[in-house]
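Engineer: Chain by chain, the residues run as shown.
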Amino acid sequence: MATQELRTEAPGSRDEAAALIADCGRSGQVLRVRGGGTKFEWGTPAADPAVVVSTAGLDQVIAHNEGDLTAILEAGVPLVKAQERFAAAGQMLALDPPLGEGAAATIGGVMATGDSGPLRHRYGAPRDLVLGMTVVLSDGTVAKAGSTVIKNVAGYDLAKLFSASFGTLGLILLVAVRLHPQPRETVTAIGRSDDPELVAKGASALAHASLEKECVDVRWAGSEGAALARLGGATAGPQAEAAARVLTDAGLDTGIVEDDFELWARQRSEQRSADHAVVRVSGRQTELARTIGAAEALGGSLVGRASLGISWITLDPVRIADLRAELAPVKCVVLDAPRDVRASLDVWDAEPSALAERVKQRFDPAGVFAPGTFAGGI
Amino acid sequence: MAQKLIDELRKACGDKNVVTHPHQLRTYESDGLLRYRVTPRAVVLPGSAEEVQAVLRACHAAEVPWVARGSGTGLSGGALPVEEGIVIGVNRMNRVLEVDLPNQRLVVEPGVTNLDVSKAAGPTHFYPPDPSSQIVCSIGGNVAENAGGAHCFKYGFTTNYVTGLELVLPDGELIQIGGKELDQPGYDLLGAFVGSEGTLGIATKITVRVVPVPEAVRTLVAFFDSTSHAGQAVSDIVSAGMVPGAIEMMDSLAIEAAEGATHAGYPADAGAALVVELDGSEAECEHRFEEVKEMCERNAATGIRVAQSEDERALIWKARKAAFAAMGRVSTHYYVQDGVIPRTRLPEVLARIEELSKEYGMRVANVFHAGDGNLHPLVCYDGHTEGEAERAEELSGQILAACVEAGGSITGEHGVGFDKKGYMPRMFDEPDFDAFQRLRCAFDPAGMANPGKVMPTPRLCGEVPGPYRQHPLEAAGIAERF
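Protein sequence lines, in the order shown, are assigned to chains A and B.
Residue numbers for the first sequence follow my numbering, beginning at 1 and rising by one.
Residue numbers for the second sequence follow my numbering, beginning at 379 and rising by one.
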């Protein structure tokens, strides 16, 4: 679907956005929400929507409460812009997914897709960092849930329900998030090997070590791989040395990388591919060696969050079915892939859920939010 | 009708696991909030997911509402029975089913206590959410309330640690959401369920993530002559980029009570005590701990005690953890409040609490999770004097109003339950309640799961499939269908 050929509306305010959604709901016009457009192709390919609702006009940082380490952002704020603002105060929103072409990914898009990067090891996914949300539903209801403080249990946690819902329940207008202090410095310990078992062993040893890691990742490409731990704080160097000892003990060829920005930028960027398929594998820590082995056997490469069991495998799209067969029953969600490939299989690798369907019907009674694009045929 | 349901419960769970004797029922008439009491029609104690299914199917067929209950330590009346309803106690379901440390996961039944979850993961791992009631509170209750605790500023809440649930929906259907793996395709129903206060179903199996025990833990308690100095120390620590494992404050009245009860060595004349615990890598802890000490000194700490051993650490925590219970030493009755503010608004909110305390002529002790701005004011009153309980409640409500006005929340960890539903409109508007109700209707269209909690006014779900039948709450004139 070439988005430029579709009718696109970019409301300039939250009120305008709410009116537009209500209008779509009333008239039954199918819509798709677009943030930076970097993940617009994800999900099940579906018929063209009547309208693409762009959040480009909702780009205000409503509040950055430095002392409270919180912020309120409109959905269309590019993540990179928000991070610049937070960084000026020595803070960060601890979400570092790949930002896509032109670093255009928005906070709304990252929330809606639940996308994350290496920082997830310590700080969690978008669902873990969102404090509250304001959304507009297809009948025009503008509702908020959660709060703008870092601790709150009043009301249902709809912000989590809307995170990773791929724009199928409603339009996210505002997001309140928790921020964290940026580590003073970071240093990375890396352990390399050409044996998937050893890489997995090193990664597991890091995951179980009583060190406080910012990130614990794994990578595999071209028949060799590595386990990596990023340590941060005022004493990142000595901590990284301790992590390196863990990797050495696991039998890996170990080194320390002080200027580690590029290393981690690569871990992030390899979660995407313009010309191959990227499959997100939701596995377990103990299955890492098998997952790496499958990637290697199918000519693919892998980056992953070693202790979380989540991996991104880049491979030839024709090998997706083989990968799934190899790793079943582990869920393998296809993210990037040519449209014809995505149309030929269930990108979600999911069974229908009656409960999820009821959730969809309740929140999107008009059925206009990207029908047929989500897991289980929703 | 009533007898038929009770017969079915007996058939499903065994005679001895169905309580109907009026004296025995009284055990269940309140949770940890004793001000509200409702005697249920019966209490049933299922021993398995299948029995929970049978119980919910029977209640569904009989159109009898029910309330799930863990250990009954909740402080918001969330497990308060419903008149003529059934209480479903999960305490018999108390097995740790699987300790899978290689994957850093535990699978437990809902009646397992919070502390036993952490113990099962030890000594190499622990389960971070640690409410003060952790010795007795159940993990099922923790899931319902999205329990927090002293360590959640750094480590997060129950919702950040539950990766999978086996649930029985109110119509008796058994479903799985999530598992040991993260990011399973589909809606984040885990996120929606955790913290739903027993209104969406009953969790019968809970998979949680556990994390490695930190390499080092350093704990100190610093004393100040006022909460404003202690508060400034907290701000300095957080501004310096530290995220302490715990950072807890007590004011003078709380110190007086806790010291009287525990003899932990807190000076009786201190205006504020600040417990700071750093954990993590050894090198980082050591380095940062010195900074914390300097910051306390810079803010005119009158004394700093650093725990030199595990025993000394336990003693420091003993006073903090005993603070609620110790209030009995300074007041015959007290009302525990749970509000949240943006931490930077602490001075003005404390000033407002002091103002209210004077206005009402009631002493208010303050215990806070200072890092995340979660206040626990304890309103002291004499329950033997008529009208005092009501005035204490009113004062307590004024404190919540101050929290919301400062941009905070009416509850940080105790939940809304029955007690705070009337305050919900201070935070939320009608369209927000409408959105909440949509979630509830997706899980429980018949409205049988813990009705009368969380939402300020009872609501029913429209578009219930099948022919219209009058709901019991509708018949009683306490809910409307829309």
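Just so you know, these hints were derived from the structure itself, not from any lab.
Be aware that one or more of the hints could be misleading.
[As the list claims (entries may be wrong)] In silico DMTMM-like pairs for lysine to aspartate or glutamate, Cα to Cα no more than 25 Å straight-line:
| # | chain 1 | residue 1 | chain 2 | residue 2 |
| --- | --- | --- | --- | --- |
| 1 | B | Lys799 | B | Asp478 |
| 2 | B | Lys583 | A | Glu287 |
| 3 | B | Lys583 | A | Glu351 |
| 4 | B | Lys799 | B | Glu462 |
| 5 | B | Lys671 | A | Glu66 |
| 6 | B | Lys583 | A | Asp128 |
| 7 | B | Lys497 | B | Asp478 |
| 8 | B | Lys671 | A | Glu185 |
Engineer: Could you run down the list of hints and mark each one as holding or not?
Structural biologist: Here's how the hints hold up against the structure:
1. B:Lys799 - B:Asp478: violated (39 Å)
2. B:Lys583 - A:Glu287: holds (23 Å)
3. B:Lys583 - A:Glu351: Holds - the C-alpha atoms of glutamate 351 of chain A and lysine 583 of chain B are around 21 Å apart, at most 25 Å.
4. B:Lys799 - B:Glu462: Holds: lysine 799 of chain B and glutamate 462 of chain B sit about 21 Å apart, inside 25 Å.
5. B:Lys671 - A:Glu66: holds (23 Å)
6. B:Lys583 - A:Asp128: holds (22 Å)
7. B:Lys497 - B:Asp478: holds (13 Å)
8. B:Lys671 - A:Glu185: This hinted pair holds, its Cα atoms lying about 22 Å apart.
In this structure, only the earlier hint numbered 1 is contradicted, and the remaining ones agree with it.
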